[in-house]
Amino acid sequence: MTFHFGNPRRVAALAAMVTAASVAVAAAQQPAPRQPPGPVRLGIVSFLSGPAASPFGVPGRNGAEIVIEALNAGTAPAPFNTVGLGGAKIEAKYVDEAGSTAQVVTEFRNLVQRDQVDAVVGYISSGSCLAVTPVAEELKALTVYFDCGTPRIFEETARKYVFRASPHATMDNVGAARYLLAKHKDVAVYSGINQNYAWGQDSWRDFVGAMKVLAPKAAVDKELFPKLFAGEYGAEISTLLTSKSQALHTSFWDGDLEGFVYQGQARGLDKRMPIIYTTGEASIWRLRDKMPDNTIIGGRGPNGPLAPDTELNRWFQKIYVDRYGTPPTYPSYQMALSVLGLKVAWDKAQKAKGGKPTTDEVVQAFEGIEYDGPSGHVKLALSNGHQGIQETAYGTYRFNKQTKQPELVDVMRFPAECVNPPNGVNADDWIKDGMKGAKCK
Amino acid sequence: MWSRQNIAGALAFAALAVAAPFLPSWLVSLATIAFANGLVVLGLVILWRAGLVPFGQALFYAAGAYTVALMSRYTGLRDVFVLVAAGALAAGLVAFLIGLLLARYRDIFFAMLSLAMSMILYGVLVKTETLGSTDGFHVETGTFLGYAPRGAALGLALFWLVLGTCGFAALLIATYFVSIAGVLAAPVRDNEIRVEFLGLSVDRLIHLKVVISGVLAGLGGALAALAVAHVDPNMAYWTTSGGFVFVTILAGAGSVAAAFVGSFVFELARSIAIDFFPGTWQIILGGALLLTILFLPEGLGSLAGRLRRVPEKAS
Amino acid sequence: MLTAFAILTDGLVYAAYLFLVAVGLTLIFGVMKILNVTHGSFYAFGAYGAATAVGIYFERGLPAAGGFLFMILVAMAIGLVLGVILERGILRFVYGKDEVVIVLVTYATFLMLEDVIALIWGRQSYAAWQPMVAAGSVEIGDLVLSNYDIVLVALAAGVAMGGYWALKYTRYGRLLTAVIFDRETAAAFGVNVTVVYTVTFIIGAMLGALGGAVMAPKISVTLGIGVEVIVLAFAVVVTGGLGSIEGALTGALIVGLCRAAAVHLVPQIELFVIYAVMALVLVFRPYGLFTQAQPRKI
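Protein chains in written order, with the numbering used here: chain A, 4 to 444; chain B, 4 to 318; chain C, 3 to 300.
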C-alpha cells in the first residue's frame with residue numbers, strides 16, 4: 004500500500020490517527036490521583052543542548068539535582084535539614100530550554116498543564132524569562148527564575164507568581180566599574196567588547212552608565228559588538244591594540260570567552276590593558292593557567308571562589324565535587340539559591356497552614372523572604388518582595404603555580420544596596436540618575 | 004472552489020473547532036502555534052511547486068509578527084482581526100518590494116538572497132535596543148471584536164481564530180492551485196524558457212508567488228505573535244526559516260492539507276522528543292526524519308515525478 | 003596608517019579562515035549540485051579531532067611544528083573516514099531525488115552528527131592552543147600579530163594555488179571541471195560520474211575538516227561551532243560562484259576585507275557586512291563572481 008501524502012483520504016486518515024494519538028498521549032500524562040502527602044513536583048528548566056548547555060545549563064541542572072537529593076534525604080545543613088518541601092519529597096522533571104521562544108512557552112505550558120508540576124524553577128535566557136512570565140501569571144503557576152539577567156521582568160509590571168532569588172545583571176556591571184576604579188583609578192579611556200545581543204548590549208550599557216557616574220572624565224573609546232559565537236576576534240584585537248584604551252570590559256561567556264582569551268594572549272592584549280570578564284568565574288576551572296594573571300574576574304555575584312567561607316558553602320562544594328568531579332560554578336550556586344529559597348517559602352507556608360500549602364499560600368510566604376544560601380545572604384527586597392538582592396564580589400585572577408589551582412586575590416565585596424537599585428526604582432533609571440541611594444559602606 | 008477535496012478539508016477544520024474545548028489546554032496551545040506555522044509552510048509549498056525554495060521566509064514571518072507587536076504596543080489597538088490583517092498586509096508589502104529583486108533569481112541564489120534579506124532584518128532588530136534587542140518584548144492580549152477573553156477561554160479563542168484563518172487560507176490556496184497561475188508552477192519548474200515562449204512572463208509569475216507566500220508567512224507570524232504573546236528577533240533568523248523549509252519538505256507539496264498536518268505532526272513529535280529525551284532529542288528527531296525521507300520514497304520522492312505530469316483537474 | 007595596515011592584515015586572516023572553510027563546500031556544490039549542510043559537521047569533526055591530536059602530541063614535548071602537521075593529518079584522516087561513511091552510507095541513496103530533499107538529508111545528518119560529537123567527546127569544550135602559542139608573535143608598532151595567523155594565510159594561499167593547479171592541470175581536475183560544467187555531457191563522454199561524486203565528496207570533507215583543524219588552536223572547540231560556519235561558508239560560496247576555487251578565494255577576500263574595515267571603522271554594521279556584500283554582488287552578477295556561462299536548455 005503506497006502512501007502519498009497528498010491523497011486526501013490518506014491525509015484525513017493520518018490526521019485522525021495523529022489526533023487520536025495525541026489525545027491518548029495526553030490522557031496517559033494525567034497524573035494518578037495523589038494520596039497525601041504525595042511528592043511535590045518541580046519542573047527544572049535549563050539548556051541541556053546547544054552552546055549554553057555546557058557552561059550554564061548543565062551546571063544549573065546539576066546544582067538542582069544535588070540539592071534536591073540532599074533535601075529529600077534530609078542531609079542538608081540547618082536550617083534546611085527537613086525533608087523536601089514541607090516534609091514532602093521532591094520529584095524533579097528536567098526540561099531542555101532549547102528552541103524558539105514559542106517552543107519554550109509551549110514546554111512551560113506542558114509542564115504546568117500537562118505534567119501539573121507544583122512549581123517551575125529555571126530559565127537562563129532573558130528572552131525565555133520575559134516570554135514565560137505573562138504565561139506563568141495567566142496560569143497562576145509558581146515560577147522561580149534562577150539565572151536570567153534582565154531587570155525588565157519585574158520592572159515593566161508587578162508580578163504575583165513569578166520570583167527571582169538571584170540578583171539581576173545590573174549589579175555585575177556596576178560592581179565591575181567599582182572594582183576597576185578601585186584598582187586602577189587613573190583609567191581615562193576604556194573600551195568594551197561584548198556579544199551583539201541583549202545580554203552583551205545591556206551589560207555594556209550598564210557598565211558605561213556606571214562609569215559615567217563614578218568616573219565622569221573617563222572616555223569611551225571602542226565599542227565592539229561581534230556576532231554571538233563569532234569565535235574569531237582577530238580584527239577586534241587589532242582594533243584594541245592600535246587604540247588608546249587603558250581598560251577593557253567584556254561580558255563574553257564560554258566558547259567566545261575562551262577563544263578571546265587564547266587569541267588575546269597570543270597577541271599580548273592582556274599585557275596592554277586590564278580586562279574585566281564579568282562572567283569569568285564560570286570558565287576559570289577550564290582555562291586554568293591559560294587565563295592570564297591580573298585579569299579581573301566576576302561571578303555574577305558572590306559565587307564559586309568569591310563565595311563566603313561558611314559551613315553551607317563548604318557542604319555545597321563538597322557534595323557537588325564528589326558527584327560531578329568539578330567545582331560548582333555560578334549557575335550551580337544560583338540554582339541552589341533558588342531551590343533553597345523555594346524551600347524556605349514552602350516550609351513557612353506549610354507551618355502556617357499545618358498541611359500542604361496552595362500555590363497562593365506559598366506565593367504569599369515567598370514575598371520578601373531573607374535567608375542564606377551557599378553564596379551568602381539574599382533578601383527579596385525589590386519589586387514587592389519578588390526580586391532578590393545580594394552583595395557582589397570581584398577579584399583578580401592568579402594561577403597558583405605551586406598548588407596548580409586558580410585563585411582569586413584582592414577580592415572586594417560590595418554590599419547589596421551599593422550595587423542594586425533601591426526598591427521602586429528601575430535599574431536603568433537608577434544608573435542614569437547617578438545611582439542615588441547607593442549604600443556602599 | 005467547492006470540490007469534494009475542499010469540502011472534506013472544511014469539515015475537518017470544523018470538526019477540530021468543535022473538538023477543541025474538550026481537548027487538554029496544552030494540546031490546544033501547541034496546535035495553535037503549529038497551525039500558525041502551517042500557514043508559512045503553505046506559502047513555501049506554493050514556491051516549491053515552482054521549483055524555488057527560499058531560505059528567508061522568516062523575513063515575512065517576523066514582519067507580520069512585529070507589525071502586530073508594534074501596533075499593539077504603540078497604538079493601543081487590540082482587536083485581533085485588525086492586527087492580523089495589518090500584519091499580513093505589512094508582510095505583503097515587504098514581499099512586493101523584495102520580490103521585485105528576488106523574482107529575477109533562481110535555485111540557490113534565490114534561496115541565499117532571500118536568506119540575506121531576512122538576516123539583514125535580524126541584524127536591524129538586534130541592534131534596536133528600544134525593542135529589547137534579542138530579548139524581544141511582550142505582545143498585549145488581543146480582543147475579539149470587543150470580546151476580551153482570559154485564561155482558558157483566551158486559549159480557545161486564539162485557537163479558533165487560527166483555525167478559521169487557516170481554513171480560509173486553505174480554501175483560497177486550494178483554489179489558487181487549480182487556477183492558471185497555480186497550474187503554471189510545474190511548467191515553470193520544468194522549463195522556464197518554454198513558458199516564456201508561450202508569451203507569459205515568468206518573472207512576474209514568480210513575483211506573484213513571492214507576494215502570496217509572503218502574505219501567508221506574515222499571517223502566520225501575526226497569529227504566532229498573538230498566540231505566544233512575545234516577539235523577538237529570532238523570528239527572523241535563518242534557523243527559523245530552515246525549520247519551516249524542514250517541515251515543508253517533510254509534508255510534501257502534494258496538497259494544502261499536508262502543510263497543516265505536517266506542521267502539527269512536527270510540533271508534536273518535537274514536544275514528545277523533548278519530553279522523553281531531554282538531552283538527546285536532537286539526534287532522535289534528526290534520525291526519525293532521516294528515516295522518514297529514506298523510507299518514504301513514494302511519499303516524498305514521487306513528488307518530483309508527480310509534479311512533472313500535468314496535474315489532474317480536481318473533481 | 004597603522005589602522006590601514008591592521009585592516010589589511012585582519013582582512014587577510016579572516017579571508018584565509020573563510021576560504022579554508024568554504025573551498026570544500028564550493029567543490030561539492032559545483033560538482034554534485036548539493037547544498038551540503040553536513041559541511042558544518044566536517045568542520046566540527048576536524049576541530050575536535052585536532053584538539054584531541056594536539057592533546058596527545060604536546061604531552062610528549064615534541065617540536066611544535068610537528069604538532070601542527072600531526073593535527074592536520076589527523077583531522078584530514080577523520081574527514082576522509084567521515085566522508086566515505088556519509089557518501090556511501092547515506093548520500094548515494096538520495097542522488098536521484100529532488101535537490102531540496104537532498105538538502106534535508108544533509109541537514110538531518112548534521113543534526114545527528116552534532117549529538118554524535120557530544121557522545122564521543124562529551125559536552126565540555128576542548129582547547130588546542132599549543133600550536134598558536136608556540137608560533138609566537140611579531141610586533142609592528144603598536145600592533146602585535148600572531149605568527150599563527152600568518153601561517154594560516156600562507157596555508158590558505160597554498161590550498162588555493164594547489165587546488166587551482168590541480169583543477170586546471172591534472173587529468174582528474176579536468177574531469178571534475180567537466181562534471182561541474184555539465185554532468186550529462188560528461189557522462190556521455192564516458193566519465194564515471196558516480197566515482198567522481200564519491201571522490202569529490204571525500205575531498206570536500208577533508209577540506210572541511212582541514213578548515214576546522216587549523217582554526218582549533220585559536221578558538222574554544224565546543225558544541226555548535228559547526229552551525230555558525232555553515233552560513234558563512236554558504237555566503238562566501240554563493241558570492242564567489244559555485245564550483246569555482248578562484249570564486250571562493252575572491253569572495254573570501256572581499257568579505258574578509260570589508261568586515262575588517264567595518265570592525266575598525268564602523269563597528270555597528272559588522273553584523274550585516276557579509277550579507278550586504280553577498281546581496282550586492284548578486285545584484286550585479288546574479289550567478290556569483292566567477293561562473294561559466296550557462297547554456298540555456300530548451
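Hints in this document: simulated from the structure, not taken from any laboratory.
Everything numeric in this text was worked out from a predicted model, so none of it was measured.
Any given hint might turn out to be false.
Here are some of the chain C residues that sit facing chain A, going by a computed Cβ distance under 7 Å [as the list claims (entries may be wrong)]:
hint, residue
1, Ala-8
2, Leu-10
3, Gln-126
Using 20 Å as the maximum straight-line C-alpha spacing, the simulated EDC-like pairs for lysine to aspartate or glutamate come out as follows [to be verified]:
hint, chain 1, residue 1, chain 2, residue 2
4, A, Lys-293, C, Glu-101
5, C, Lys-35, B, Asp-110
6, B, Lys-130, A, Asp-363
7, A, Lys-143, A, Asp-363
The beta-carbon is built from N, C-alpha and C at its ideal position, and this holds for glycine as well.
Subject >> Numbers of unmet hints, in rising order >> reply: 2, 4 and 6
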